[in-house]
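Chemist: Mapping to this note's numbering: the sequence shown position 363 is 893, numbers consecutive.
Hints are supplied without guarantee of correctness; some may be wrong.
With beta-carbon atoms standing in for the labels, derived distance ranges [said to hold, decoys possible]: (1) R726 <-> E885: 42 to 50 Å; (2) H546 <-> D886: 49 to 57 Å; (3) N911 <-> D886: 23 to 31 Å.
Under the rule of at most 20 Å between Cα atoms (straight-line distance), these lysine-lysine pairs were calculated in the PhoX-like manner [stated by the list, open to error]: (4) K728 <-> K583; (5) K583 <-> K743; (6) K583 <-> K926; (7) K767 <-> K602; (8) K690 <-> K602; (9) K849 <-> K876; (10) K688 <-> K657; (11) K602 <-> K655; (12) K849 <-> K874; (13) K767 <-> K657; (14) K657 <-> K690; (15) K874 <-> K854; (16) K795 <-> K767; (17) K655 <-> K690; (18) K874 <-> K795.
These are calculated hints, taken from the structure and not from any lab test.
Only a predicted model underlies this, so the values are computations on that prediction, with no experimental measurement involved.
Glycine is no exception: its CB is placed at the ideal position from the N, C-alpha and C atoms.
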Amino acid sequence: MSRPVYFEPEESMAYHSGEDVMHALMSIAGRYIGANPPHPPVYRVSRPGLVRKSDDHRYVFPLGDLFPHMGKGQQVYAWAKLWSDSDQEFIFHITCFGPVRLYHNGVLIYGSAPEEEYPAIPVLKLKCGLVRGWNHFVLEFKLGEKGGGGQFGTGSRKNKPLHFIVPSLERDGEEGWLYSEPLDFPLSEIPSGPMREKATGVNWLPREEDPEKPSPYGQLARMYGLTSGMSAYAWTKIGGTKCGKETVLISGEAYSPIEFSVEGKVVFHQEHAGRFRFELPLSADVQDLTANCVGGDRDWGFRMDATTDEMLTPALDVKGHRGKWLYLGPFQTEQEIDLASCQKMKRTARSGTGEDVYWRTELPDGEVRPFLENEWFGRWNYPLGVTLYGLLQLGKAGQRSDIRDYVLNHIEFAS
């Protein structure tokens, strides 16, 4: 009777390399690195507000602050989606400040009881069977005897600090949740997949700008207010597609003084509001095009003509952003800013009002934020640290600088 085996001899490392230990170790290291490539962070639009991530990476839904006049019998819904690489059981943590129901892909998976509300049970563990791909979650909140709202999110703040994504087709890619105003009636259908917000029958918050009622002010005035004497930067990219031409015409309208630079070199300056046009030598390479705009007394910002806008490409792939420009500011007019360093996306800048600021979009409160979405690369815990230490020593012993660089890049990313 033959002994049971875990795998055939032909599938073993020894079959291919004999007693060559270094080859076996290098094969293991190569498989690990191949399964965990050094992907950079994913940049997403994130809107600060009352519905936000807390320190434990759960999202807070403060019903009393959001809707102080909400009545008994009304309900508020919150809707988001979460990606899973595989079918898996995952533990979520929920805190109920009042009656809460949780739906997963349209199916009710939890309804709170009065004895489960805070502070009787500060945190409740919920096991949910995630499916491979997008998982849609809907929370239903009502007012109870002690209040309403709650907290919901990952059950592993250190190893799985998850973030949710706005699920509607209009805002796909943004980080965060949509939430409704207090409703006198329940939703006729719980959202369970990609759909437009209007198809749900309710208006979702935070509100978007109405395209049929455009603001009379420039984008910088809308973002930073009418602050005369302050400045801000706008950043996009240009080049590549029109490389057969020696020069291209850049034209548009400035609502206040403006200065354009390419790769840090000033190419046009205008001290007043009004139409602008200038020729720009175009490289075959994609280049950084920046605009430094000074706030005026009546307006602040600019727009590009359609022919110019067609030549522009987004400064950065920001999920949830459909525009081509990113913005940084506001700054004092004479304030020195290391813009090239800020464009590496690894640091903030001190604004003219003394705050640390980062790039943002023209969307209302549309901040840009980096998110770690790798399974292991860039994360940090004790077992992972042991693995990285082994890789570092293997790279040294095998004279493999690429393995050492992988470990060092992981450490830099994580820190």
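Chemist: Against which earlier hints does the structure fall short, listed by number upward?
Modeler: Going through the list in order, the structure violates hints 1, 4, 5, 6, 7, 8, 11 and 13 and respects the others.
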